[in-house]
Amino acid sequence: MMMPLLLAAPLIGAIVNGLILRPATAKRAGVIASIAALTSFASVMVQHFAPDAGPFEWTWFTVGELTVKWSFASDPLTWMMCAVVTGIGSLIHIYSIGYMSHEHNAYRYFAYLNFFLFNMLVLITSTSLLGMFVGWEGVGLCSYLLIGYWFEDINKAKAGMKAFIVNRIGDAGFLIGIFICYQLFKTLNFAEIAKLLDTQTFDVRMLNLAAFFLFIGAMGKSAQIPLYVWLPDAMAGPTPVSALIHAATMVTAGIYLICRMNGLFLVAQDTSLFIAIIGISTALLSALIATSQRDIKKVLAYSTVSQLGLMFLALGCGAYLAAIFHVMTHAFFKALLFLGSGSVIHACEGEQDIWKMGGLKKKLPSTFLTFTIGTIAIAGIPPLAGFFSKDMILYSALTAKSYGTTFWILGLLVSFLTAFYMVRVWALTFLGEYRGDKHPHESPATMLIPLYILAFGSIVAGFLGMPEGLHLLPNYLEAFLHPVLGPLVEGHGALSEERAMAVATVSAIIACSLGFYFYSKPERSETPGKILVPFKTVFENKFWVDELYGLVIVKPFDALCAFFAKFFDPNIIDGLVLLPSKAAQGMGSLLVLLQTGIVQTYLLFFVFGLLVLFMVLLKGVVL
Amino acid sequence: MGMEHLLLWLVTLPLIGALVCFALTDELSKYFALVVTLLGWVLAFFVYQGFDSAHATQLQMVFNYPWLNSMGVSFGLGIDGISFPLVILTKLMMPIAILASFNEKKFMRFFMSCYLVLDSAMTGTFLATDMVLFYVFWELMLIPMILLIGVWGSEQRVFASVKFFIYTFAGSMLMLASIFYLFSQTHVQLGQYTGEIAAFTKLNFSPVEVFWGLNAEKLVFLGFFIAFAIKVPLFPLHTWLPDAHVQAPTGGSILLAAVLLKMGTYGLLRFAIPIAPNAFVEFSTCVAYLAIIGILYGAWVAYQQKDMKKLVAYSSVSHLGFCVLGICSMNTKGLTGSMLQMVNHGITTGALFLLVGMLYERRHTKKFEDYGGLAAIVPYFSILFVFVACSSMGVPGLNGFVGEFLVFMGAFEANQTWAFVTVTGVVFGALYTLTMVKKTLFGPVTNAENRSLKDVTLKEWAAILPLCILIVYLGLAPNSFLSKFNQSLDTYWAETLKKTALDAGTVK
Amino acid sequence: MSNFSSVYWTQFIAIALIGLGMVGFLIRRNAIVVLMSIELMLNGVNLLLIEAAHRSGSADGTMLVVFIITIAAGEVAVGLGILLNLYRIKHSSDTELYKELQG
Amino acid sequence: MTDGIFIAIGIFTLLCGSSVILCKSPVYSAFSLILSFFGLAGLYILLESPFIAVIQVLVYTGAIVVLFVYVVMLMNPNSSGAYRNWIFMIVSAFLAWAVSLYLLKALTLGVAPAVGGAHALSLKEVATLLFTKYLWPFEILSIFLVVMIVAVFALAKQSKETPNE
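Protein chains in written order, with our numbering: chain R, 1 to 623; chain A, 1 to 508; chain V, 1 to 103; chain G, 1 to 165.
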């Protein structure tokens, strides 16, 4: 009973809000939406403690030997992801009641949010690749609708479209992955695939190909190197949307897909290596860009891309548990940071440039407190969540089979940069004097409560997956997810786990103090910019990646389409079709010239005809 | 009313309605036509119930009336797995097309009788089991369509209708040539003239090369294929579609997109492939290439269009490319996918044209620059618009996806590179659909008239709602509909390709 | 006068007449002269017929000539009637002016 | 001797014929037409068919050419540009010459040897032939003439209505 309720609640919430009631005030719409989210969260909790009957099954379509069923799994991995999605989702629903209070028809926003939750849950709970694909595209659609929520501004609509198209490219790859999987395993069900992978051996090249295309799908959705350009632009949507979709849930779908198909990726070794390389390079690139961004949400967006890069690094190195653990902790503190920045923007009436803020410590005390906890967590300072999950990733990178140490060093650099830019953002917004012209005020209670809960989550989440070595707490997560993700691979790297942890902590502390030193005092905040001037411009313009895409892909494609639409189709193909009619007209106008109207010309033709006749009749006779 | 007369009523009821329509006044003829087509729904429901899905391969509810005895031609109607979904689609779309053209100003009586004649001609084409009868209905179908575009169209309607007529008619001339050849062969090979399609499929051809290395079978196939390729429209022969759509009235566009385009693919399945299987097997690769080019080309050209209806017309070229690709992949998944895609495309593009028609009735312009930011002004319309756009893009959960997915599976099985290339078609499909949505709904409200647009009226809701329900129904639970004609598609390839070079192993 | 050494002469003259008539109705701009040259051609034919009748001795040729003359009379009458009407409109008999029936 | 007269008259007729088409003013060409018809009549006499010669003179020259002259007088034609442009004349001359040559060739090919005695055709023979073998053409001819008269009247009447501007 619980599973259908889990899905039905947000769907009904969306329909009630969007089509039936369409309540006038944001408050009423928000309340309905939040109730729907909370019921699905409750049903997840109930599902865990009192699991009901087996998976709920229903055939979608059967064609020849291909039968596709809708069925919902209830294994630990799904449960954990559902808990994270619905938990943080409901918090964000409550938060957005306050955030969207002044919007005039906010029911549309809440309907989309609920519909997004429904699609995300379909993605997570489905037991077949195709069911997941349905959720996959549904989530892409909702992010399109939500990013383009304020559609009056054409750029926001364009950002939404860009997000959808880039996701669609990833989905195309995903589709090909599904076809290859079906060709290999003759089934799309995860459990059956896992079983087949254990029992039979398949052509490794095909497995790698399938894994590669599935990874392209993950790349599109979780914003990795070639297809990450849509995430920073997706900040055009309202901040709670960025928190929910572009930090906590949707972007982690790629990681969930790879964890769900871990059997395949374990076997496809060179694709995993490729994933690790892509992961670490994305992390490094976006961390560098984040260091010099002006807009607070852009910084957080790039930090999300870099954290995702780290997760993919873990996946590449085979540490699926580390990735999922980081997904969970990251969901907490990134959602916290986004919502914190949301309340800052809400307070400064839409101002997003950190250089025009500052000194908000006094005016927004609780936002300041929660934001600080979030910053410390993401920076990786020991007691908080960020430290444990990031360290698990770094350690797994260290013990990876190939290039272990290089991945570890690069990972360390990424976490150093992360700590640096987060403290930069934190210092510029909250310390020093207020540089803006607005008069910020503390956000209402509905926005602060979720912040406090998330802050608490960021502190506690780390303890769930504490590594054994510390002998403080057993690794609950490892025990919980063992059946799905397989054993934690015990490797040995250059350093032992404790020493690696120590090095990571030291680097985080150095980065924080460096950041604090520079950005707490206004006069010193310019210096880092001056030291690495050439790099600053490069980072600020995001390595000109968008412009590069525009030049290399968008412009030639537009030119090609324009060529076809304006020249090739109307003139060449249509020309060929209209050719006979034009030829007929041309011939006609030629013959008209013969009709001079003067009688003698006709007589001339007459005599000429006579002559020809005689010639024909008297062929033999030569004149 | 016995089962066998059901099909006869299916064809003749609208014809009688058309005649009666002449006598009524303009006002009355509208509602009368609606009633007749709703009766069509009832009949279609009976057919849906009466159709025995167990043996969908044989012709059911066969109605036979000797017509030209000397030539062995009979007025034969029958329905089987291949024509079943398309007949249902035709009967479904008729009342919607009529509802969409309620506020036409001039000659309403003749407008409605044109629709009804078109309805009976289309149903007849799908149900005909006799080659000559099929050809008669095939040509009869053109005439009302020409009148619809030519008389009630917009600015350059005459040019468009003449182009449409000549283009399609030229194609059907080639088909006629093949029919004559086959007809003469029936006398030679089977003793006496007969129009039965079943008899035609049993003919075998002399392998002698006629010219350019084409033997008799290839020529017959080409005759049929070109006529159907024009109708589909396949890539190089598609230029009549945008003109016809842009100038056609809303109802005309709906029927043109929803049903007339399916004649081509239906013809391929019913005539071209069973009659000349070897030729099809040989040509299937280049037909597939044409289809793939059609998919990508249609999407690219649609992306740059300034006129809404032209964009949707080119999108139809792209969607129909999927159907043909499904057929060319020569396996059950591809074929079922293409059959589903035909029905889905009919519903989705019908709804899309309905919406574009609504805008045209309010603003009398189809250009994008006249619209912008409608989402704030007409919320219900924009919800419908985005909903149908999603279905046209093939977002899973709606009907577009199931058909496309199966075509991809079939194409992947037949030839992997085909699937790799066409999957990018999905991205381009999303691109032009979203550009259309962006240009009409989003952005600031550019010109003033848009502010006073009124939202969807009751009549329009009545027209669009059944389509939306079907979009969701076919998207989530296509199985009940699929199981009806599934069996015939499974055995289709087994039967038709049995006679071909199966032993030569050309079929994978 | 009964027999000639050769038939050649009469045929030569007749055909010359026909040729002259043909040239006449091609190069002259005056409609009446065109009609006259047609008469010339007809007489050329008559001459041929008479010569043939004379040579073969049967009277058929003369019969034909009588018919030709009557028809020529009718033809001239109508031709001139039309010319008169044209003249009434155009005030000239020049064929170059009657060009309304142009393409 | 008779050959000589025959050739002389033949040349005379041809000369008049050519003057018909060459004279600028139509009046002169009409008169030269009359002269050529007289020449022709002479030739007919030499070919022993006096009846036709008489008909030629009486009907053809007397009636038809007179009609021509009458119309020429009515129209008082200005003999402006008599001939067409040069190229036209050369082309038509060449064509006429070629056709005549072919005609000559055709005639000489098909000439049957002189069969039976060439004897003068008496009027009685012609008359009996007219009313036996050629009765039907003769009757049809009369109808033709009636039609011709009606036609001419119609043309004439029409001219009354058209406003003679």
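Just so you know, these hints were derived from the structure itself, not from any lab. You may find that some hints are simply not true.
[What the hints assert, rightly or not] Calculated lysine-lysine pairs in the BS3-like style (CA-CA distance at most 25 angstroms, straight line):
id : chain 1 : residue 1 : chain 2 : residue 2
1  : R       : 566       : A       : 202
2  : R       : 555       : A       : 454
3  : R       : 362       : R       : 401
[To be verified] Pair ranges (Cβ atoms, derived):
id : chain 1 : residue 1 : chain 2 : residue 2 : range
4  : R       : 104       : A       : 19        : 26 to 34 angstroms
5  : R       : 551       : A       : 362       : 39 to 47 angstroms
6  : A       : 53        : R       : 543       : 56 to 64 angstroms
Glycine included, C-beta positions come from ideal geometry on N, C-alpha and C.
Structure-inconsistent hints, enumerated in ascending order: Hints 1, 2, 3, 4 are the ones this structure does not satisfy, whereas the remaining hints hold.
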